[in-house]
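Participant: Okay, here's what each chain looks like letter by letter:
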Amino acid sequence: MAAPESGDGNNGAARMVTLISSDNTRFEVEAAAASLSQTLQLTILDGGGGGGDGIPLPNVDSATLSKVLEYCIKHAPAAANGGAPNATAVDRAELERFDNEFVNIDQSVLYSLIMAAHNLEIEGLQSLVAKKVADMIKGKSPMEIRRTLGFPDPTPEEQAEMNAHMLEYGWAYE
Amino acid sequence: MAPPPPPLAEEIIEEILIRFPPDDPASLLGAALVCKPWCRLVCSPVFRHRFTEFHRRTTPPPVLGFFCCVSKPRSASKDIHFIPTSPSFRRLPHAIMPNWRAVDALHGRVLFCDMDTSVDELLRLIPPTAPPPFVWSLSPQSMGSPMPASTHRSSTRGECQSSPYSSPRVSAYPEDALLA
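Chains as they are written, first to last, in my numbering: chain A, 1383 to 1556; chain B, 80 to 259.
Quick caveat, the hints were computed from the structure, so don't treat them as lab data.
Using 30 Å as the maximum straight-line C-alpha spacing, the simulated DSSO-like pairs for lysine-lysine come out as follows:
{"no.": "1", "chain 1": "A", "residue 1": "K1522", "chain 2": "A", "residue 2": "K1449"}
{"no.": "2", "chain 1": "B", "residue 1": "K115", "chain 2": "A", "residue 2": "K1522"}
{"no.": "3", "chain 1": "A", "residue 1": "K1520", "chain 2": "B", "residue 2": "K115"}
{"no.": "4", "chain 1": "B", "residue 1": "K115", "chain 2": "A", "residue 2": "K1513"}
{"no.": "5", "chain 1": "A", "residue 1": "K1456", "chain 2": "A", "residue 2": "K1513"}
{"no.": "6", "chain 1": "A", "residue 1": "K1456", "chain 2": "A", "residue 2": "K1520"}
{"no.": "7", "chain 1": "A", "residue 1": "K1449", "chain 2": "A", "residue 2": "K1513"}
{"no.": "8", "chain 1": "A", "residue 1": "K1520", "chain 2": "A", "residue 2": "K1449"}
Residues from chain B shown here face chain A by an in silico Cβ test under 8 Å; the list is partial:
{"no.": "9", "residue": "E90"}
{"no.": "10", "residue": "I95"}
{"no.": "11", "residue": "R98"}
{"no.": "12", "residue": "P100"}
{"no.": "13", "residue": "D103"}
{"no.": "14", "residue": "G109"}
{"no.": "15", "residue": "A110"}
{"no.": "16", "residue": "L112"}
{"no.": "17", "residue": "C114"}
Fair warning: this is a prediction, and the values are worked out from it, not measured in the lab. Beta carbons are placed, not taken as given, at the ideal position from N, Cα and C, and that holds for glycine.
Whenever a hint applies, use it, and build me the whole structure from the sequences.
Facilitator: Below, the structure written as structure tokens:
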């Protein structure tokens, strides 16, 4: 008659996977959190990353991976609900607050983070960091943008070209 | 001293630039001047299409400014003033030329008539280098003469599907002789 109450198909413990950073640090996280990465999702679905194996991530160092996983762990429950259509306003506000604080970090970390999000194909994280970087550089002059992003100084040729453009379009910065 | 970071992949740059505010197109112009790869990216039709689509999903097309026709006291002539509503245009050189008159708008572009010169120099497009979405609000009242309904509707679109001047509607204007 009544269905068994514990029949959710799980043994209670969430499945864990191990990720290995470029400097050989091992991170054990829930598969649901790591699966926010489209790159890792297929490997995890195929049963990879469990046991002692681990999934090597040669392009991501431990400091960056730790930050990436902090994001994934926070966002995994909402993602599991299919974008959280039934999430409460409080939940959404909490995630927004987390996101705002999350990107309030040193620029070099931000830089590593956006590359990692791109490599691991974590759409939400990439979008979040891209927005932050866009906010940092919008409205700045070309030279200010170059300095902000740590570009090397322009070559004399590039500088001459920029000067010519500024003569023509300088009114946009007055 | 930390080594300089490796250059960001073009896909990442695109993700960043696509999030620039649509109501301040001068900021994209600044980005286009950072280096040649950025310029190629911002100028590419693919980027412009994505930029338009990205912002269309979230925000209504921005109004960057409008043209206003002001009558001079004790004179039949009128001045066209550009009134900016975006930080990009504190001053728009072409729009304040006293001898230019905005006569039409289509697909987000404005048609000017140079009242002092010949027919050959009649057409001017602004802004020639700016990316879409470019929306210019051009109301009939502000022009001092009736605007064709189709033209007014077209001026609120962010994207051209065909040549902007494939079928200019000019019959309502006193400058017909010049435009013919």
